[in-house]
Amino acid sequence: MNYQIDNKGYYGIFGGAFIPEMMHQNISELQNCYMEILESDSFKQEFKQLLTDYAGRPSPLYYSDRLSKQYKTHIYLKREDLNHTGSHKINNTIGQILLAKRLGKTRIIAETGAGQHGVATATVCARAGLKCIVYMGAIDVARQAPNVEKMKMLGAEVRPVESGSKTLKDATNEAIRDWINNPVDTHYIIGSVVGPHPYPDMVARFQSVISEEIRVQLKTKTGRETPDYVIACVGGGSNAAGAFYHFLNDPDVKLIAVEAAGKGVFSGESAATTQLGRPGILHGSRSLLMQTADGQVIEPYSISAGLDYPGIGPMHANLFATKRAVFLSATDEEALKAALYLSQKEGIIPALESAHALAALEMINFKTDDIVVVNISGRGDKDMETYLNYYQLIK
Amino acid sequence: MENRLTTLFTRKEKNILSIYFTAGFPNLNDTVTIIKELERNGADLIEIGIPFSDPVADGPVIQHSSEMALKNGMTIRVLFEQLKGIRRSVSIPLILMGYLNPVMQYGIDDFCRKCSEIGIDGTIIPDLPLEVYQEEYKEIFEKNSLSNIFLITPQTDDERIRKIDALSNGFIYMVSSSSTTGAKGSVDKEQITYFERVQSLRLNSRRLIGFGISDKTTFERASTFANGAIIGSAFINAIEGEISIEEKVNAFMQKFVKTSII
Ligand SMILES: Cc1ncc(COP(=O)(O)O)c(C=O)c1O
Chain A
0 MNYQIDNKGY YGIFGGAFIP EMMHQNISEL QNCYMEILES DSFKQEFKQL LTDYAGRPSP
60 LYYSDRLSKQ YKTHIYLKRE DLNHTGSHKI NNTIGQILLA KRLGKTRIIA ETGAGQHGVA
120 TATVCARAGL KCIVYMGAID VARQAPNVEK MKMLGAEVRP VESGSKTLKD ATNEAIRDWI
180 NNPVDTHYII GSVVGPHPYP DMVARFQSVI SEEIRVQLKT KTGRETPDYV IACVGGGSNA
240 AGAFYHFLND PDVKLIAVEA AGKGVFSGES AATTQLGRPG ILHGSRSLLM QTADGQVIEP
300 YSISAGLDYP GIGPMHANLF ATKRAVFLSA TDEEALKAAL YLSQKEGIIP ALESAHALAA
360 LEMINFKTDD IVVVNISGRG DKDMETYLNY YQLIK
Chain B
0 MENRLTTLFT RKEKNILSIY FTAGFPNLND TVTIIKELER NGADLIEIGI PFSDPVADGP
60 VIQHSSEMAL KNGMTIRVLF EQLKGIRRSV SIPLILMGYL NPVMQYGIDD FCRKCSEIGI
120 DGTIIPDLPL EVYQEEYKEI FEKNSLSNIF LITPQTDDER IRKIDALSNG FIYMVSSSST
180 TGAKGSVDKE QITYFERVQS LRLNSRRLIG FGISDKTTFE RASTFANGAI IGSAFINAIE
240 GEISIEEKVN AFMQKFVKTS II
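Those protein sequences? They're chains A and B, same order as listed. Taking numbering that gives the first Met the number 0, I'd label the letters of the first sequence as residues 0 to 394. Taking numbering that gives the first Met the number 0, I'd label the letters of the second sequence as residues 0 to 261.
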């Protein structure tokens, strides 16, 4: 089985580039040249160097003694939270800013949910000396305030988006509209494995460094390159794509994708796309989509801004359809509990998004000799207000 | 292939006035009234918008009308129901314009068949790419005498314009500038360069210019570079408000009557 894109930009029946003509020039330019650029020696070298010296890679693979005891198995945490800017998002923005420079673009736009992608974009733009505009849903501007301040300090302009559900989906719409209005000088740094081809593949390649490192690190620590489980949360799916990438063709590695169930999958306030969605088209690709019978996109809900999205990347839709990955979901409550648990047992405060992956540990029956890798996609600084409100409530 | 659209273009060469509105706005059941009033007031063709929750190619005005229309309960099913007997009273070409997802969920085959039953002459689906249309949809559209209309923009190179020309059997929708719908402004030098570039290609298809056409002046100016022009956001703005929908459509159209009658 091949889980990568075919030569037309599809993962099985998912993917493609369903874009208005106004985006054709930019998207076809990317399609035509992204592989050549990514494969060039100068790009590879620059990318690798920045990941090392600037982002602080490789991120550690940490054996969690206490989680392992609790779940009676062997649990490793992939510490993407220790990257510069505090999440996996920097892997992709470093790659895309190098690409944008090679394309001669001078203005960068991005969408952001949790603000992690916005911060990671603002960061690389500051370094590259490029103008940066970040679209962020008005609700997310409020619930991820520290990241908004960071983006501003880094010199980016944050534009709150008031349309629709005022979250990630709408921020993405607004970024697309910006690109339509500024096609010549602007590159759009999409923050996840979503959007028209080649974005899903390109972002997955930039994030694939996560699983590339896991293989090497596991080998050193256990003598085995492959774990029994890789667990990651899925908003659009970029950290999961990166954590799964080099294990896709190892059928013995169980890939666990964890979606946000919000207040419960069937509560009407959820973002569990694979359970609630059908094939549909949003933001330029065919994938699974939460929608009404008439094809209107349903506004999702999750306490975690980074998972509050009504779709998933086409690669994941295909992993779901082919059953290569197992999709679970964790509620707000389960994620909050898991975040508190990791904080108090290991001294690591995870991002709310990553806490969804941790919550899945409760849902799986591990064998005592299993090797389990959980991707800690980011750190929890941005979520402190949400955490404090919740923990005061349960005290 | 022949339909009311192709007939219109053999009959009329210049100053073709096309009006876009979002079905279900300002009120759910205004659709048929708006169409009749537009025809009575001299519109040459009408683009009926199917609202979508995430209209990425649209500016604030059409975003707003789409949101209101959805709140009012507009769906493809409701629209088809409203348009059922439209050909008893309306004879100008009618085009449906909407994003791909709602059409896909309705079912492409059923959608095309229903369009043909009602007497719809064409479609504009901005996020349906040329290549996908060609491979998967062309046959079924043409079987139902539907002209699918493609957009070109200042970014579209000559080779691609020729490809689009060859695939078009209605008209080519020339997006006037690099923008979403509703951009304001006059016709500037850069646009004229683009309009003249397209003119010089001597295409087979008729061309209508859209996006940013807001009044008689911009309409007339744009019409000198093509077979006519399309008005969307300006019309939507004009039909929101308290007075009756007939009066609002009339008042707006009076400003164009002189130019749209040869
Ligand atoms: C820490 C963290 N993890 C995960 C996500 C979700 O994105 P993705 O599914 O693309 O990894 C985000 C998004 O903002 C994030 O900030």
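Calculated from the structure, these hints are not laboratory results. Please note that a few of the clues may not be correct.
For lysine-lysine, the following DSS-like pairs were computed, each having C-alpha atoms within a straight-line distance of at most 27 Å [to be verified]: (1) A:Lys344 with A:Lys262; (2) B:Lys70 with B:Lys83; (3) A:Lys7 with B:Lys13; (4) A:Lys104 with B:Lys183; (5) A:Lys165 with B:Lys183; (6) B:Lys35 with B:Lys162; (7) B:Lys70 with A:Lys262; (8) B:Lys70 with A:Lys7; (9) B:Lys137 with A:Lys130; (10) B:Lys70 with A:Lys165; (11) B:Lys13 with B:Lys162.
Against the structure, the hints:
{"no.": "1", "hint": "A:Lys344 with A:Lys262", "verdict": "holds, 26 Å"}
{"no.": "2", "hint": "B:Lys70 with B:Lys83", "verdict": "holds, 22 Å"}
{"no.": "3", "hint": "A:Lys7 with B:Lys13", "verdict": "violated, 41 Å"}
{"no.": "4", "hint": "A:Lys104 with B:Lys183", "verdict": "holds, 26 Å"}
{"no.": "5", "hint": "A:Lys165 with B:Lys183", "verdict": "holds, 25 Å"}
{"no.": "6", "hint": "B:Lys35 with B:Lys162", "verdict": "violated, 35 Å"}
{"no.": "7", "hint": "B:Lys70 with A:Lys262", "verdict": "holds, 25 Å"}
{"no.": "8", "hint": "B:Lys70 with A:Lys7", "verdict": "violated, 37 Å"}
{"no.": "9", "hint": "B:Lys137 with A:Lys130", "verdict": "violated, 42 Å"}
{"no.": "10", "hint": "B:Lys70 with A:Lys165", "verdict": "holds, 17 Å"}
{"no.": "11", "hint": "B:Lys13 with B:Lys162", "verdict": "holds, 24 Å"}
Of the hints listed earlier, those the structure fails to meet are numbers 3, 6, 8, 9, in rising order.
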